[in-house]
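Participant: Sequence:
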Amino acid sequence: FTAINDARRDLLVPSLPNLAVALLLPGVLVILASTTTACRRLPSLVSLVEPTDAKQETEFMELTLFLSFSECGFFLWDTSVTVGLVQKFLYFTLAVAGTMGFQSGAFRLK
Numbered sequence: 013f014t015a016i017n018d019a020r021r022d023l024l025v026p027s028l029p030n031l032a033v034a035l036l037l038p039g040v041l042v043i044l045a046s047t048t049t050a051c052r053r054l055p056s057l058v059s060l061v062e063p064t065d066a067k068q069e070t071e072f073m074e075l076t077l078f079l080s081f082s083e084c085g086f087f088l089w090d091t092s093v094t095v096g097l098v099q100k101f102l103y104f105t106l107a108v109a110g111t112m113g114f115q116s117g118a119f120r121l122k
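Per this note's numbering, the very first residue in the sequence shown carries number 13; after that it's consecutive.
Wrong hints could be hidden among the right ones.
[Claimed, not checked] Pair by pair, the computed Cβ-Cβ distance ranges are:
| no. | residue 1 | residue 2 | range |
| --- | --- | --- | --- |
| 1 | 87 | 111 | 28 to 36 Å |
| 2 | 100 | 80 | 22 to 30 Å |
| 3 | 70 | 104 | 41 to 49 Å |
| 4 | 59 | 100 | 28 to 36 Å |
| 5 | 106 | 56 | 31 to 39 Å |
| 6 | 39 | 87 | 13 to 21 Å |
| 7 | 70 | 40 | 36 to 44 Å |
| 8 | 115 | 88 | 25 to 33 Å |
| 9 | 86 | 35 | 19 to 27 Å |
| 10 | 68 | 28 | 24 to 32 Å |
| 11 | 68 | 107 | 50 to 58 Å |
| 12 | 117 | 60 | 55 to 63 Å |
| 13 | 105 | 81 | 31 to 39 Å |
Please keep in mind that the hints were generated in silico from the structure rather than gathered at the bench. Idealized CB from N, CA, C, for every residue including glycine.
Whenever a hint applies, use it, and build me the whole structure from the sequences.
Facilitator: In structure tokens form, the structure reads like this:
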């Protein structure tokens, strides 16, 4: 949000580090969310394996249950980072930044 104030005062070079962090953060969150999604899909992938005998079948079922009950993926403050959470974060962040930018005069429509 300090980049909005710098843009309003025409100080674009000092705001480059802030803009770099602001542009890298969504990419990192999308990678974390896709990893969490992949971890949640792993039990269904394991359950697709068709073992040859009954002992292997019970072992695969136990592995599937273990994977489904374990909380895998990335968490921030006990909240799972999902694609939906990242989309909500980006939506509200851009809405607040846009509102602040237009009200402060940093963004102008011509």
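Participant: It remains to establish, for every hint, whether it holds in the given structure.
Facilitator: Hint-by-hint comparison with the structure:
1. 87 - 111: 28 to 36 Å: holds (30 Å)
2. 100 - 80: 22 to 30 Å: At 25 Å between Cβs, range holds.
3. 70 - 104: 41 to 49 Å: Given about 47 Å between the Cβ atoms, the range holds.
4. 59 - 100: 28 to 36 Å: For residue 100 against residue 59, whose Cβ atoms are near 30 Å apart, the range 28 to 36 Å holds.
5. 106 - 56: 31 to 39 Å: This hint holds: roughly 34 Å between Cβ atoms.
6. 39 - 87: 13 to 21 Å: holds (19 Å)
7. 70 - 40: 36 to 44 Å: holds (40 Å)
8. 115 - 88: 25 to 33 Å: holds (29 Å)
9. 86 - 35: 19 to 27 Å: holds (20 Å)
10. 68 - 28: 24 to 32 Å: Check failed, 57 Å falls outside 24 to 32 Å.
11. 68 - 107: 50 to 58 Å: Distance hint for residue 68, residue 107 holds at roughly 52 Å.
12. 117 - 60: 55 to 63 Å: holds (57 Å)
13. 105 - 81: 31 to 39 Å: holds (33 Å)
Hint compliance for this structure: hint 10 alone is broken.
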